[in-house]
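Chemist: Can you build the whole structure from these sequences, using the hints too?
Protein chains in written order, with the working numbering: chain A, 1 to 261; chain B, 1 to 261; chain C, 1 to 261; chain D, 1 to 261.
Don't read these hints as lab results, they were simulated from the structure.
Some hints could be false.
As the list claims (entries may be wrong) - Straight line, CA to CA, 25 Å or less: simulated BS3-like cross-link-like pairs of lysine-lysine:
#	chain 1	residue 1	chain 2	residue 2
1	A	Lys110	B	Lys218
2	D	Lys126	A	Lys119
3	D	Lys110	C	Lys110
4	C	Lys126	B	Lys119
To be verified - Simulated restraints, written as ranges between beta carbons of each label pair:
#	chain 1	residue 1	chain 2	residue 2	range
5	C	Ala226	B	Pro255	45 to 51 Å
6	A	Pro52	B	Gly141	26 to 32 Å
7	D	Arg21	B	Pro144	33 to 39 Å
8	A	Pro237	B	Asp84	33 to 39 Å
9	D	Gln254	B	Pro137	35 to 41 Å
10	D	Gln254	B	Pro40	51 to 57 Å
11	C	Arg63	D	Glu81	35 to 41 Å
12	A	Pro202	C	Thr228	48 to 54 Å
13	C	Thr228	A	Pro137	15 to 21 Å
C-beta: ideal position from N, C-alpha, C; glycine also.
Protein chains: 4
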Amino acid sequence: MAIRVLVWGENIHDRENEIVRGIYPDGMHGAIAKALNADPAIEATTATLEQPEHGLTVDRLARTDVLAWWGHRAHGDVSDEVVDRVAERVWQGMGLIVLHSGHFSKIFRKLMGTPCALKWREAGEKERIWVVNPSHPIAQGLEPSFVIPQTEMYGEPFVVPEPMETVFISWYDGGEVFRSGLTFQRGGGRIFYFSPGHEVYPIYHDKNVQQVIKNAVKWAANPAPAWTTVAVAANVPTERAPEPLSQRGPSLHQPGEEGFR
Amino acid sequence: MAIRVLVWGENIHDRENEIVRGIYPDGMHGAIAKALNADPAIEATTATLEQPEHGLTVDRLARTDVLAWWGHRAHGDVSDEVVDRVAERVWQGMGLIVLHSGHFSKIFRKLMGTPCALKWREAGEKERIWVVNPSHPIAQGLEPSFVIPQTEMYGEPFVVPEPMETVFISWYDGGEVFRSGLTFQRGGGRIFYFSPGHEVYPIYHDKNVQQVIKNAVKWAANPAPAWTTVAVAANVPTERAPEPLSQRGPSLHQPGEEGFR
Amino acid sequence: MAIRVLVWGENIHDRENEIVRGIYPDGMHGAIAKALNADPAIEATTATLEQPEHGLTVDRLARTDVLAWWGHRAHGDVSDEVVDRVAERVWQGMGLIVLHSGHFSKIFRKLMGTPCALKWREAGEKERIWVVNPSHPIAQGLEPSFVIPQTEMYGEPFVVPEPMETVFISWYDGGEVFRSGLTFQRGGGRIFYFSPGHEVYPIYHDKNVQQVIKNAVKWAANPAPAWTTVAVAANVPTERAPEPLSQRGPSLHQPGEEGFR
Amino acid sequence: MAIRVLVWGENIHDRENEIVRGIYPDGMHGAIAKALNADPAIEATTATLEQPEHGLTVDRLARTDVLAWWGHRAHGDVSDEVVDRVAERVWQGMGLIVLHSGHFSKIFRKLMGTPCALKWREAGEKERIWVVNPSHPIAQGLEPSFVIPQTEMYGEPFVVPEPMETVFISWYDGGEVFRSGLTFQRGGGRIFYFSPGHEVYPIYHDKNVQQVIKNAVKWAANPAPAWTTVAVAANVPTERAPEPLSQRGPSLHQPGEEGFR
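Modeler: Now the structure itself:
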């Protein structure tokens, strides 16, 4: 069965900015989904901010294996309810690929527990992306390094927790470096952050960038059944303890009572 | 200079529940602060939920090196504004020690990015806490294992990110296990979660538990100056790039413009 | 294409000890390989200590995707040359599953860089294995916990580096705990340590244990091409630097000279 | 009490190469020790390859809190016995700072369990070292980045396990990047790898480099008592199990017998 990918796009600059519209007539989300759909193992669709519930209904998320996220100008317009819903699905096992300026999205900051700040410069400079672990699934099919001719610089310190794996590190013309490909795990969900993707350059048309996103989709897809109890604090009553046990001493809760949250 | 610790207590069961009041006439926070103050290198004070801003004003937090957090019944009553403020201070370098049912506090869940769920049972059973790394600063002065005669069971899966270090693992009479001492780093702040501490048993009077908390305070205190820009996405204009650089191609932002958040 | 697994057994107690022989007429390696071969996606063969080069020739390892290792009494009899060869293949991308007393094998200690010591007791006591992350590939098809009725106790501290993931933690009748399922990455190779498997109990006939090993094989198999240069310190001459560069200042090496090792 | 640092130098190029001798009349180890001794909290001495037991006797190591290691041309001349001895002391809690070409030293490779390979170029190019976590103890007193005007390039992939923390990442004139400051933990010992330090440039006279090494010494010093049993697999006899236990079923070992290694 194909991996069901949902490419979410903010779809603002895609429509309103002439340069961006010229590069991505179907939006960045459209371009990414199209590139993914070239792989028969992937079935990609799109959703955007302006749709009801931002196109991220409970039902839609339930049928999504991996969600890719691009946002920039309107992070604050994404409803907290939807963000909580997406986080819950990630914890249950949905993969998440956070692209470029998505570092400041509500969903990424919620899952990281850090500010996710970084340095930036929009000079159209060159970025060279180095593969740190060439045998990592996300690095398959790439050269030891590849170049993005024009990029927005993102520089360290990138305030995220220590990643599970550092997959890519970027070098910039202007002298900075950046951990441009990082993996994280939250509950059952695998998360990949990938920094290239500034909207005024044709970065999502780059074949290496497309390869990375395709690889990341396959890496992030978790075939395990959804971990639906991931946020449940289950009481194990004394009489159902794995080892025989008798109640001793005082107790705060009445039998069968729910825990506090 | 002494380490300035602020022990925060919800202070509800401490006052309202007769058993808890009997064990902790000055509240759990009071007992913990008293134990910490026995060490001349530590200067511990307390704050509680019912105080204005929960006793966690900007100024108070600025003068705090390590915050210890105990909450249970009223996690939802802690204002989001105060939670954001505490998180910002942790990112800047303040240490945080999260105790027992604080696993479900807003601040811990915010910093972890996971549900922080676990299994639980209130049977007054025995807990044996094993030291996983005896040379870790938080394990100093302890035997290879120590016993808490009556405890609330907390069982795996404990839904947190992979920790920086697993310091303690607990064994329970009833057959469960739990990673009872875990370290994390978020920005400049070190975080230690320690599970023992159910309020109807005299756990914070236990000398081993007191030793752990004292050790954790010393481990979590970060003498570095506060990282005040930890959440700032600083623009580095082209003319101030570390290496000489000239502007190329189109740009989304006007010179000097702030980034989107 | 099926995953090519090589199950390596020391094959000493399997032949010499009457109890072990009774439980495993084809050796433990034989029992494990048979269980794996029940899965059409896996093609398992065996090799043993007494074979030439311990059955681990260069060619054989080149055709192995995942190596499972069981040793106990004769760790010292494994030749250093073969150990180095196995390590090199792991770095290149071969998966490695280290079973039970293999914690003290030369290959595991070499890959960990630590003593890999632990506590132990052979009392035939009960072990309860808890799943720490139910959505991990290695935990698929298991209940929240499962029991091994008679086991050798392995207790903390287990002196290994912090793992990439803690998949299982064990509870023992006698009061100890142990991180019984841990993952590591070394170069291109994924490593899984799994502690159950004492030879005088029929542990490798247990269906849960078989499920774990089968899952681990699938998790550890890395489809990436072998990383053949993983141990090579490649010189990048000045004239082939990614960015134009001219030689400045003194130099220790002559052009084209190899680096020191 | 001052931190007792032992700076170990290979002392070959220091004596035989005219350029190196000119920069470091007292050897690189001498220059590093001198810089460290400027801090009253540190007491640094030196040892070199040509001394009996390379100056690393059991007694000397027992009195060492942190060992700094510089080697390049003669890694193979360091005796395996001494390497094992140093590793044991690291596991027991001695800190280890591995400098520059020490990435290929026997001791570092033994503790990492990986090839520790990297790319290199000796062009005297510029290196810019970026601080990834400005609140880390090892980064104190530094600017967001600092420059080494002439350096040997070390490039990714650097084949080490995922570090505990990435403290520094380097940018090079020639287009490469490198994780130039990494922390690891092995048993009780903290390890810091720091890449700058090529012998034909005056890098150890640089005040930022000296600051990093001084910070690293303080970070790596573990005041805990030596973990002398770190490599011991202790048997816990049935009658001394923490919980009452009776022997069940067959057994491989006789009571009181040592485990196999």
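Chemist: All hints are to be evaluated individually against the structure, with a verdict given for each.
Modeler: Verification of the hints:
no.	hint	in the structure
1	Lys110(A) <-> Lys218(B)	violated, 28 Å
2	Lys126(D) <-> Lys119(A)	holds, 22 Å
3	Lys110(D) <-> Lys110(C)	holds, 7 Å
4	Lys126(C) <-> Lys119(B)	holds, 21 Å
5	Ala226(C) <-> Pro255(B): 45 to 51 Å	holds, 50 Å
6	Pro52(A) <-> Gly141(B): 26 to 32 Å	violated, 59 Å
7	Arg21(D) <-> Pro144(B): 33 to 39 Å	violated, 52 Å
8	Pro237(A) <-> Asp84(B): 33 to 39 Å	holds, 37 Å
9	Gln254(D) <-> Pro137(B): 35 to 41 Å	holds, 40 Å
10	Gln254(D) <-> Pro40(B): 51 to 57 Å	holds, 52 Å
11	Arg63(C) <-> Glu81(D): 35 to 41 Å	holds, 37 Å
12	Pro202(A) <-> Thr228(C): 48 to 54 Å	violated, 35 Å
13	Thr228(C) <-> Pro137(A): 15 to 21 Å	holds, 18 Å
Of the hints listed earlier, those the structure fails to meet are numbers 1, 6, 7, 12, in rising order.
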